[in-house]
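S.K.: For the record, the sequence lines run as chains A and B.
Counting with the working numbering, you get residues 347 to 631 for the letters of the first sequence.
Counting with the working numbering, you get residues 17 to 362 for the letters of the second sequence.
Source of the hints: derived by calculation from the structure; they are not laboratory data.
Fair warning: there could be bad hints in the mix.
[Said to hold, decoys possible] Some, not all, of what chain A presents toward chain B, calculated at C-beta under 10 Å:
#	residue
1	476
2	519
3	525
4	529
5	531
6	546
[Unchecked claim] Taking lysine to any residue and the SDA-like style, the derived pairs with C-alpha atoms no more than 20 Å apart in a straight line are:
#	chain 1	residue 1	chain 2	residue 2
7	B	116	A	402
8	B	116	A	545
9	B	116	B	91
10	B	116	A	526
11	B	172	A	526
12	A	489	A	472
13	B	116	A	472
14	B	116	A	541
15	A	415	A	402
16	B	116	A	536
17	B	172	B	118
18	B	172	B	80
19	B	172	A	536
20	B	116	A	546
21	B	172	A	541
22	B	116	A	489
23	B	116	B	137
24	B	116	A	539
Since the structure is predicted, the reported quantities are computational estimates derived from the model, not experimental observations.
We put the beta carbon where it would ideally sit given N, CA and C, even for glycine.
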Amino acid sequence: MSLATHATTFRFRQPSALPGFGLTFGFAVTYLSLIVLIPLGVLVARASGLGLEGLWQTATSPRVLAALKLSFGVSFAAAAVNAVAGLVVAWVLTRYAFPGRRLLDAIVDLPFALPTAVAGIALTAIYAPNGWIGGLLAPLGVKVAYTPLGIFVALVFISLPFVVRTVQPVLADLDREIEEASATLGASRAQTVLRVILPSLLPAVLTGFALAFGRAVGEYGSVIFIAGNMPFVSEIAPLLIVIQLEEFNYAGATAIATIMLAIAFVSLLAINLIQAWSRRRFGHV
Amino acid sequence: MEIRAEAITKRFGEATVLADVDVHVHAGELVALLGPSGSGKTTLLRIFAGLEQPSAGRILLGGEDATQVPVQARGVGFMFQHYALFRHLTVAENIAYGLKVRPRASRPSNAAIRARVTELLDLVQLPGLERRYPAQLSGGQRQRVALARALAVDPKVLLLDEPFGALDAQVRRDLRRWLRDIHERTGHTTLFVTHDQDEALEIADRVAILDQGRLEQIGTPDEIYEHPATAFVAGFIGEATRLPVEARGGVVRLGPHALALNGTRLADGPASLFVRPRDLVLADDGKANALPANVVAVRRAGPARRAELHLGEGLPTVEMELPADAVIGKGDVVQVALTRLRVFGG
Chain A
347 MSLATHATTF RFRQPSALPG FGLTFGFAVT YLSLIVLIPL GVLVARASGL GLEGLWQTAT
407 SPRVLAALKL SFGVSFAAAA VNAVAGLVVA WVLTRYAFPG RRLLDAIVDL PFALPTAVAG
467 IALTAIYAPN GWIGGLLAPL GVKVAYTPLG IFVALVFISL PFVVRTVQPV LADLDREIEE
527 ASATLGASRA QTVLRVILPS LLPAVLTGFA LAFGRAVGEY GSVIFIAGNM PFVSEIAPLL
587 IVIQLEEFNY AGATAIATIM LAIAFVSLLA INLIQAWSRR RFGHV
Chain B
17 MEIRAEAITK RFGEATVLAD VDVHVHAGEL VALLGPSGSG KTTLLRIFAG LEQPSAGRIL
77 LGGEDATQVP VQARGVGFMF QHYALFRHLT VAENIAYGLK VRPRASRPSN AAIRARVTEL
137 LDLVQLPGLE RRYPAQLSGG QRQRVALARA LAVDPKVLLL DEPFGALDAQ VRRDLRRWLR
197 DIHERTGHTT LFVTHDQDEA LEIADRVAIL DQGRLEQIGT PDEIYEHPAT AFVAGFIGEA
257 TRLPVEARGG VVRLGPHALA LNGTRLADGP ASLFVRPRDL VLADDGKANA LPANVVAVRR
317 AGPARRAELH LGEGLPTVEM ELPADAVIGK GDVVQVALTR LRVFGG
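Work out the full structure, taking the sequences as your base and the hints as a guide.
M.R.: Structural data, given as structure tokens:
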């Protein structure tokens with residue numbers, strides 16, 4: 347029976363009776379290979395020149411370790427803050443009509459559009475001890491510019507739009523009836539928000555968080571101006587890579603890059619798994 | 017508990033959605049709000065629930081003015097047209113929601129909540145589905161879960177917005193009976209919105225008919241069906257065809273024919289005659305009020321056969337229900353008589 351032999355060989359699940367699968371699938375694979383996989387492959391290949399042992403030594407050298415901790419830790423904190431703040435901004439922009447709403451909506455995208463170096467310089471000017479905000483904080487003993495706190499501020503700035511822009515459409519689509527249903531069942535407004543609205547937004551917030559986190563980890567331009575770049579204190583991993591490059595230590599640079607890549611990949615994969623889980627729970631629609 | 021809307025008016029900006037509407041639902045009664053889309057029936061239901069504020073008028077729940085009582089405190093069970101189930105919660109969690117959000121003092125114990133959920137799932141005939149998510153249920157099942165959720169909080173009143181609107185015909189028919197059953201078993205005062213007259217006439221104790229924000233008539237299904245109070249109701253109920261007529265001196269003129277009004281009072285001038293398929297019978301030649309008609313088509317409509325008749329130049333065709341033994345075909349000319357004249361001025 348020819349059918350039986352078919353079953354044993356690998357086949358794509360028939361996606362639809364309509365044509366287009368072969369063409370789009372081929373394009374997607376080729377495109378992703380050219381743009382993402384091949385460059386990253388070369389990176390890993392260059393780094394593997396060091397051997398596993400060399401890679402491990404580079405990764406565990408105190409300066410690299412400190413930079414990686416700083417990069418991922420501060421990025422995580424910035425993305426977490428934006429997950430909350432971005433949600434509030436998205437809420438205000440979707441739910442309330444007020445004069446200047448469209449303007450505010452446009453302002454959200456500015457961190458996307460602004461060259462990051464410009465953002466870094468502006469933030470440094472404001473948060474330096476003699477700047478507007480830095481000047482107010484200095485008497486309280488809080489230093490922002492040239493400390494990890496400064497890095498945090500810069501990363502919050504550049505990653506804000508990701509959460510807002512992922513949550514906004516979901517919030518706009520959220521059925522008002524489920525809030526009304528919650529109210530008719532006797533739930534207070536706070537209970538409705540906590541028990542009904544937030545859980546429905548969770549997948550979108552997670553996506554926004556993942557995007558913001560990824561963006562923050564890779565950020566270079568704005569951070570180097572405000573960070574002060576002191577080794578072991580305020581030196582981020584991307585800067586360390588640039589320093590290696592300037593010393594013509596390509597193997598070292600690619601080694602740090604590969605480690606960053608691995609950590610970033612694992613974190614994003616973890617977030618994706620959480621999302622897949624929550625999506626399975628909520629079903630599609 | 018009896019509920020009452022008194023002189024409810026609702027305006028959205030320029031548009032008046034409800035104009036001076038009075039509806040009274042007695043304790044334990046099942047009342048349908050029937051009307052075409054845009055008649056304001058859903059808005060009235062939402063005003064009862066407290067989801068909208070009326071521009072004028074009062075809502076009385078159990079004889080007390082509840083117009084200013086917020087929706088959370090009204091104690092109504094509201095079922096939405098598209099059910100509005102919480103997608104991220106299981107069936108059991110959906111049903112338990114109204115109990116779990118109560119303040120600690122009045123919240124039942126977890127065991128009591130679980131028992132209530134089981135009891136309600138039995139009532140709506142969905143035992144064993146506690147752990148499913150709404151996305152894993154069929155439309156009819158979701159509707160039952162939505163009803164169980166609304167019943168869980170022991171509402172004083174049940175308000176249902178198009179309870180069968182999103183379901184297919186077969187399921188709708190089954191669920192009608194079922195809803196009537198549940199109503200009889202639980203005894204809740206129930207008001208439901210529908211645009212389907214069969215549904216309203218079949219299960220409601222009384223039907224309120226709304227058109228363009230006005231209450232046209234409220235009464236039992238028999239009253240509504242047999243004695244429509246207004247031209248709108250006469251045209252809306254019972255597949256009636258509206259024929260333009262002219263009233264003059266106790267007689268209405270339908271095209272070339274004259275029909276005696278037989279005591280119905282009607283001011284002279286243009287009027288509307290409403291003809292239902294069952295109002296027409298085959299008649300012998302020369303009988304009073306008999307009209308000649310051309311048979312345009314003969315069709316089967318469910319169990320009955322119907323003839324489409326042409327009564328005269330410029331008149332819309334009317335339908336007549338045929339006796340089982342009638343031998344009539346397309347192209348015949350027959351004599352028909354109207355068993356009753358439903359005429360309204362204007």
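S.K.: Hint by hint, note whether the structure agrees.
M.R.: Consistency of the hints with the structure:
1. 476: It is violated, given that the least Cβ distance between residue 476 of chain A and chain B is near 50 Å, above 10 Å.
2. 519: This interface hint is violated because 12 Å lies over the 10 Å limit.
3. 525: 9 Å, holds
4. 529: 5 Å, holds
5. 531: Hint holds; residue 531 of chain A Cβ to chain B Cβ min 4 Å, cut 10 Å.
6. 546: Because about 6 Å separates residue 546 of chain A from the closest Cβ in chain B, which is inside the 10 Å limit, the hint holds.
7. B/116 to A/402: The hint is violated at about 53 Å.
8. B/116 to A/545: 16 Å, holds
9. B/116 to B/91: 15 Å, holds
10. B/116 to A/526: Within the cut-off at roughly 17 Å; holds.
11. B/172 to A/526: Holds, because 18 Å separates the two Cα atoms, which is no more than 20 Å.
12. A/489 to A/472: 12 Å, holds
13. B/116 to A/472: Roughly 49 Å separates the two Cα atoms, so the pair is violated.
14. B/116 to A/541: 11 Å, holds
15. A/415 to A/402: 16 Å, holds
16. B/116 to A/536: Distance of about 14 Å is within 20 Å: holds.
17. B/172 to B/118: Judged against 20 Å, a Cα distance of about 16 Å means the pair holds.
18. B/172 to B/80: Between residue 172 of chain B and residue 80 of chain B the Cα gap is close to 13 Å, so the pair holds against 20 Å.
19. B/172 to A/536: 24 Å, violated
20. B/116 to A/546: Given pair residue 116 of chain B, residue 546 of chain A holds - Cα atoms ~18 Å apart, limit 20 Å.
21. B/172 to A/541: 25 Å, violated
22. B/116 to A/489: 47 Å, violated
23. B/116 to B/137: The given pair, whose Cα atoms are some 17 Å apart, holds under the 20 Å limit.
24. B/116 to A/539: Answer holds: residue 116 of chain B to residue 539 of chain A is near 15 Å, not above 20 Å.
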